[in-house]
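Asks: Sequence:
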Amino acid sequence: MKYLFFKMLVVWRRMRHGMQARYMDRQDVGRQLEALMGRADPAAPWHERANWMIDVAEWLRHRPAVSLLDRQAWHRVRCQRLEILLDWLDQHRDVRRSVQNALQKTLREATGPELFSTTGLPHEPGFFGELAERLARMVLPRHLSPTDLSSLFTAMFPDPDDAAWLLELDNDLLARLWKLLADDGISHMYWQQVEEAITYLTTTVIADGISPAFRQRLEPKMPMRATPFLALRREMEAWLRGHPHDQGALRSVRMLVAVCHAQTDRIYAHLDEYGVSVSLVYRVERMRAHLQRIGRLIDVRAAAPGESGAGRVQLLLADLISAHHNRGSVRGLMRRSFALLARKMVERNADHGERAIARDRAGYRKVLKGGLLGGAVMAGAALLKITLAKLGMVHFFEGAAASLNYAVSFLLIAALGGVLATRQPAVTAPALASRMGELDADGMRGLLAESGRMLRSQSAGIFGNLLAVVPVTAALCAIGWFALGAAPMSAEQAHAMLASLSVVGPTPLYAALTGVLLWLASLAAGFADNWFALRRVREVVANHRRLKHALGPLRAERCAGWLERNVATIAGSLALALLLGMAPVLAAFFSLPLDIRQVTLAAGTLAAAVFSLGWQSLGTPEFWLAGGGVALTALLSVAVAFACALALALRSRDLPRRVRRRAMRAVLRRFVVAPGFFILPERADAAAHDEDADDDEDVGPDDGGDGDDAAQPAEEALAEPATGARGKGREALEEELRRLA
373 MKYLFFKMLV
383 VWRRMRHGMQ
393 ARYMDRQDVG
403 RQLEALMGRA
413 DPAAPWHERA
423 NWMIDVAEWL
433 RHRPAVSLLD
443 RQAWHRVRCQ
453 RLEILLDWLD
463 QHRDVRRSVQ
473 NALQKTLREA
483 TGPELFSTTG
493 LPHEPGFFGE
503 LAERLARMVL
513 PRHLSPTDLS
523 SLFTAMFPDP
533 DDAAWLLELD
543 NDLLARLWKL
553 LADDGISHMY
563 WQQVEEAITY
573 LTTTVIADGI
583 SPAFRQRLEP
593 KMPMRATPFL
603 ALRREMEAWL
613 RGHPHDQGAL
623 RSVRMLVAVC
633 HAQTDRIYAH
643 LDEYGVSVSL
653 VYRVERMRAH
663 LQRIGRLIDV
673 RAAAPGESGA
683 GRVQLLLADL
693 ISAHHNRGSV
703 RGLMRRSFAL
713 LARKMVERNA
723 DHGERAIARD
733 RAGYRKVLKG
743 GLLGGAVMAG
753 AALLKITLAK
763 LGMVHFFEGA
773 AASLNYAVSF
783 LLIAALGGVL
793 ATRQPAVTAP
803 ALASRMGELD
813 ADGMRGLLAE
823 SGRMLRSQSA
833 GIFGNLLAVV
843 PVTAALCAIG
853 WFALGAAPMS
863 AEQAHAMLAS
873 LSVVGPTPLY
883 AALTGVLLWL
893 ASLAAGFADN
903 WFALRRVREV
913 VANHRRLKHA
923 LGPLRAERCA
933 GWLERNVATI
943 AGSLALALLL
953 GMAPVLAAFF
963 SLPLDIRQVT
973 LAAGTLAAAV
983 FSLGWQSLGT
993 PEFWLAGGGV
1003 ALTALLSVAV
1013 AFACALALAL
1023 RSRDLPRRVR
1033 RRAMRAVLRR
1043 FVVAPGFFIL
1053 PERADAAAHD
1063 EDADDDEDVG
1073 PDDGGDGDDA
1083 AQPAEEALAE
1093 PATGARGKGR
1103 EALEEELRRL
1113 A
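Position one of the sequence shown corresponds to residue 373 (this note's numbering), numbered consecutively onward.
I should point out that these hints are in silico values taken from the structure, not numbers from a laboratory.
Misleading hints may appear alongside valid ones.
As the list claims (entries may be wrong) - DEER-style ranges, computed between Cβ atoms: (1) W550 with V650: 40 to 46 Å; (2) A585 with H767: 39 to 45 Å; (3) P417 with H560: 21 to 27 Å; (4) R1041 with P880: 20 to 26 Å.
Claimed, not checked - The list that follows gives simulated cross-link-like pairs (lysine to aspartate or glutamate, DMTMM-like), each with its CA atoms no further than 25 Å apart: (5) K551 with E540; (6) K477 with D466; (7) K551 with D637; (8) K593 with D580; (9) K741 with D671; (10) K551 with E657; (11) K477 with E455; (12) K477 with E568; (13) K762 with E994; (14) K920 with D691; (15) K477 with D544; (16) K551 with D466; (17) K477 with D520; (18) K551 with E406; (19) K477 with D580; (20) K593 with E994; (21) K593 with D466; (22) K551 with D671; (23) K593 with E540.
Predicted model only: the values in this text are computed from it and were never measured.
C-beta: ideal position from N, C-alpha, C; glycine also.
Using the sequences plus the hints, can you model the full thing?
Replies: Below you can see the structure in the form of structure tokens.
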């Protein structure tokens, strides 16, 4: 058993440290090179020669686990190792001939333009195909193909840092290395492969550029022959047939490559009108990568007659290494493909969320009134939920009935113009992110001021819901008592309900889970709005033949406009109802004791339980613990939903992680220091006072570290800039009128 353990340990160390361990255990560099170069055998099979080349690259790149040298110093060490290797081969002419024959034979056998046309570039036609391929590459071992030099190249340079030290090689080293690797025949062969790669990449760019999805967003009425993509094909074919140093043809090719690259920017500009598709974004990013690679290959082929072209080849190889590692990242593919979709969803949600933000005392009162209306509707939903629980249905049908109850209630609130508490943060946080600019000193002040307005709107909605749901629930319970002669629940059920709402228990976890569900519902609303624009449903509905015949052209256009304005609200309400109703059912399927805690429903349930137990229950500790649980539910559900939505909004704006953390900490600290700023309506004199305080305070730049000290002055700025400016302008005008009088 002990022998087996040590054997497995040796195998693990060999797999972990790689092949270079057999050479690096020798302190003498000459002995290392003697052992490594002695393996060069031109008569060996291709895979053995390829693995030997990988070992040579690992010897050049090897870095011990513990080192006092920095990154730049190790780049110089690798360059020195390459120089030592070439000097050692010059001193051992017989070994040099064997090494040179093995290298050149390997490079001749590995043919094809895939090294220049596929290395580091997405080549699958769709996003999910590319995602599946990258996941397979993460799981499956690396395969070396004798007909594909790109696999050997990527195996020799598995570290993204290889591109940096490769760029630091001087021209003398490059010339000596090229003399060792290739002759005139190999140079001509790879010159042809560069031209073949240019042809292949140009063809893929043209295929995407003239596709209906691209032409619809560029110039739908432009003839296909007049598009810059077909012009690129004609000019590229003429340049490849002619001399590579023909300056006129070269300028035309480079100009058309730049024009095609500009077309991708135009496609991004039209995504607001036509909606965002992950597949389309992937194809646009693939085209941009192909155009960038075409530019690199054009530079290599168009090297001036007097130039060696070593520097451009160096840049090309470094670009191949960097692109390969970027392409191999599944996280990078997801981030690039979904970043634009997230940003457009944020911007679309921002349009809907602007209406839910109270920017003054009148807006605060308006949201409060909407909360009263929403609370009255949710009182009926809470009692209906209690009634459905008494029926004893199986879990699935109970969840479906609860979802239907929530859906009808949410849609009724939206139709009546009411406000549902705790749903607002997920809708209004994107509006906050869409309005902020750079998170510098002024940007942080604006972020805090806008956060205050937004969370005050949430507080107004919660207050309105709670002020309405408790008395309306009590009134409905009283009506049921006089009409049916029964309380909404028995004493045992009421005690169990109070215990489930208690602040001492799983209520905080359930409230946080509800906040996540609220955020997911806002994502569903954004997806629905984007899908509506992507499929051009408004035009489809407005021009539907039977609908126009039944309603008339004007009413059909109004119906399409109403759908466009309310599709996000409808989809968000239905998604939230489904999540709130079916989440406990799904958790029960996996034997997880999870439940949802929506503050308005919890307050209505608490009122019904108190009515069933009698007013004397108001003085019991059980009631006060349940009341504390309702208050904590309101706080956590709002905080979690707002944090998730704000994190997505900040990420969609491509902000660094340090800046995102700084913004989140600034809002949190402001809430801890002055919670009333996020709850009570703001007074005009307080806003003017805070604006004056902003003028006196100096917010320093971010120090690159924790960010708390730099964010502190910004967190002290509570002012609303527009209000302060109006106050100063009015005082100056009155002073000027008194002076003139």
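Asks: Each hint needs a verdict: does it hold in this structure or not?
Replies: Evaluated hints:
no. : hint                        : in the structure
1   : W550 with V650: 40 to 46 Å  : holds, 43 Å
2   : A585 with H767: 39 to 45 Å  : holds, 44 Å
3   : P417 with H560: 21 to 27 Å  : holds, 26 Å
4   : R1041 with P880: 20 to 26 Å : holds, 21 Å
5   : K551 with E540              : holds, 19 Å
6   : K477 with D466              : holds, 17 Å
7   : K551 with D637              : violated, 43 Å
8   : K593 with D580              : holds, 17 Å
9   : K741 with D671              : violated, 67 Å
10  : K551 with E657              : violated, 38 Å
11  : K477 with E455              : holds, 23 Å
12  : K477 with E568              : holds, 22 Å
13  : K762 with E994              : holds, 23 Å
14  : K920 with D691              : violated, 56 Å
15  : K477 with D544              : holds, 24 Å
16  : K551 with D466              : holds, 16 Å
17  : K477 with D520              : holds, 14 Å
18  : K551 with E406              : holds, 21 Å
19  : K477 with D580              : violated, 38 Å
20  : K593 with E994              : violated, 72 Å
21  : K593 with D466              : violated, 68 Å
22  : K551 with D671              : holds, 22 Å
23  : K593 with E540              : violated, 50 Å
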